[in-house]
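Novice: Whole structure, please, built from the sequences with the hints as guidance.
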Amino acid sequence: MYNFSHKCCHLMHCTRQTQRAAPRLWVTPAQQRWASSLPMNTVVLFVPQQEAWVVERMGRFHRILEPGLNFLIPILDRVRYVQSLKEIVIDVPEQSAVSLDNVTLQIDGVLYLRILDPFKASYGVEEPEYAVTQLAQTTMRSELGKLTLDKVFRERESLNSNIVHSINQASDEWGIRCLRYEIKDIHVPPRVKESMQMQVEAERKKRATVLDSEGMREAAINVAEGQKRAQILASEGEKAEQINKAAGEAQAVLARAEAKAKAICMLSDALTQQNGDAAASLSVAEQYVSAFSKLAKESNTILLPSNTGDISGMITQAMTIYSTMAKKGPKVPEAAQLKSEDHANQSSQ
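By the count of my numbering, the sequence shown reaches residue 1274 at its end, each step adding exactly one.
Since the hints were made in silico from the structure, they are not lab data. Warning: the hint list may mix true and false statements.
[To be verified] What follows is a list of derived Cβ distance ranges for each label pair: (1) T1063 <-> L1001: 40 to 48 Å; (2) R1154 <-> K1071: 54 to 62 Å; (3) K1011 <-> R1079: 31 to 39 Å; (4) T1063 <-> V969: 30 to 38 Å; (5) H1090 <-> E1012: 27 to 35 Å; (6) L1041 <-> V1135: 52 to 60 Å; (7) Q1059 <-> P1114: 19 to 27 Å; (8) K1011 <-> H1090: 43 to 51 Å; (9) D1097 <-> S1138: 29 to 37 Å; (10) A1127 <-> T1063: 31 to 39 Å; (11) K1076 <-> L1158: 54 to 62 Å; (12) V1125 <-> E976: 48 to 56 Å.
All values derive from a computational prediction rather than experimental measurement. Glycine included, each C-beta is placed from N, C-alpha and C at the ideal position.
Specialist: Okay, structure coming up:
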């Protein structure tokens, strides 16, 4: 009876100590969160989903309880660690880092991780979340030291992936997998921020100047092309005008030549007819008299023959010139002579 009561008292004392030590606080510079309380060994245990309970038998690792119904031996078995298998979000506190171009930055981030092996997370490292947080801070400082200030803002995605890769290389021994790391804010010194703002304004002015110059260049090119096309069209129009004018003049010359040829033919036909010489003498006399009448109108100097009063002599002289030119001129074709003779015979009959 004494032994049984002694054992009961000892069991109650151990239970009270376990209950006192159950709420374990993980204190980290990043945050404070309560871990799941350690359950008592009540022989029959129900493990929640997405949790892993690490059981020790007589102080040595025994097994990991799966979600659902589980049985333990009192006194011998004890739940030593409770690990959550859910994805854990840890706020990495703000810290200072120096970039490759010696600019001090204040940067913070968010870390997403998950426990893959409860055994390694329990026995591989003390306070695994705190260890991962410190590893993330040191890795972030080392990665920022490899980049300049401009590349830090442009290559945030590559920076995040490099930090995740570096964390996973060290956290594999702890049974923890870093899923992703995101940089929240990057704070630069005020003077550097002002210089960056001035640089942005200068870049915008540069772009505006380049755009204005490109617009002026395109406008000048368009004007030059317009003038070129206008000159080409004007030259083509002038060329077409000259061609049309030349064609018109050629047609006019041909028309005048054809008219003159027809007039000569008609005149030659008329001269072969009866009394043609008399008509020609009359025409020459009229033109001779008309020429003398125009001399006084066109010039003050007049050259007159000595016998201007003898009209009949002047006409005779003109007819003599005509007869001389007629004798020296080309002979009338035989067909024209035959035609004139037939015409004379018909008139005599």
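Novice: For the pair K1011 and R1079, does the Cβ-Cβ distance stay inside 31 to 39 Å?
Specialist: About 34 Å separates the Cβ atoms of K1011 and R1079, which means 31 to 39 Å holds.
Novice: That 54 to 62 Å hint for R1154 and K1071 (C-beta), does it hold up?
Specialist: holds, 58 Å
Novice: I want to verify a distance hint. Is the separation of the beta carbons of K1011 and H1090 within 43 to 51 Å?
Specialist: violated, 23 Å
Novice: Measuring from beta carbon to beta carbon, are Q1059 and P1114 in 19 to 27 Å?
Specialist: Since Q1059 and P1114 have Cβ atoms about 25 Å apart, the given range 19 to 27 Å holds.
Novice: In this structure, is the beta-carbon distance linking L1041 and V1135 contained in 52 to 60 Å?
Specialist: Once the Cβ atoms are compared, 54 Å apart, the range 52 to 60 Å for V1135 and L1041 holds.
Novice: A range of 54 to 62 Å was offered for this pair. Does it hold for the Cβ distance of K1076 and L1158?
Specialist: holds, 56 Å
Novice: Starting from the range 31 to 39 Å, see whether the pair A1127 and T1063 falls in it by beta-carbon distance.
Specialist: holds, 37 Å
Novice: Cβ-Cβ distance between D1097 and S1138: within 29 to 37 Å?
Specialist: 57 Å Cβ-Cβ, so the 29 to 37 Å window is violated.
Novice: Honestly, do T1063 and L1001 meet the 40 to 48 Å range at C-beta?
Specialist: holds, 42 Å
Novice: Can the suggested window of 27 to 35 Å be confirmed for the beta-carbon pair H1090 and E1012?
Specialist: violated, 19 Å
Novice: Please check whether V1125 and E976 have a Cβ separation lying inside 48 to 56 Å.
Specialist: For E976 against V1125, whose Cβ atoms are near 51 Å apart, the range 48 to 56 Å holds.
Novice: Regarding T1063 and V969, is the given constraint of 30 to 38 Å on their beta-carbon distance met?
Specialist: violated, 45 Å
Of the numbered hints listed earlier, those contradicted by the structure are 4, 5, 8 and 9.
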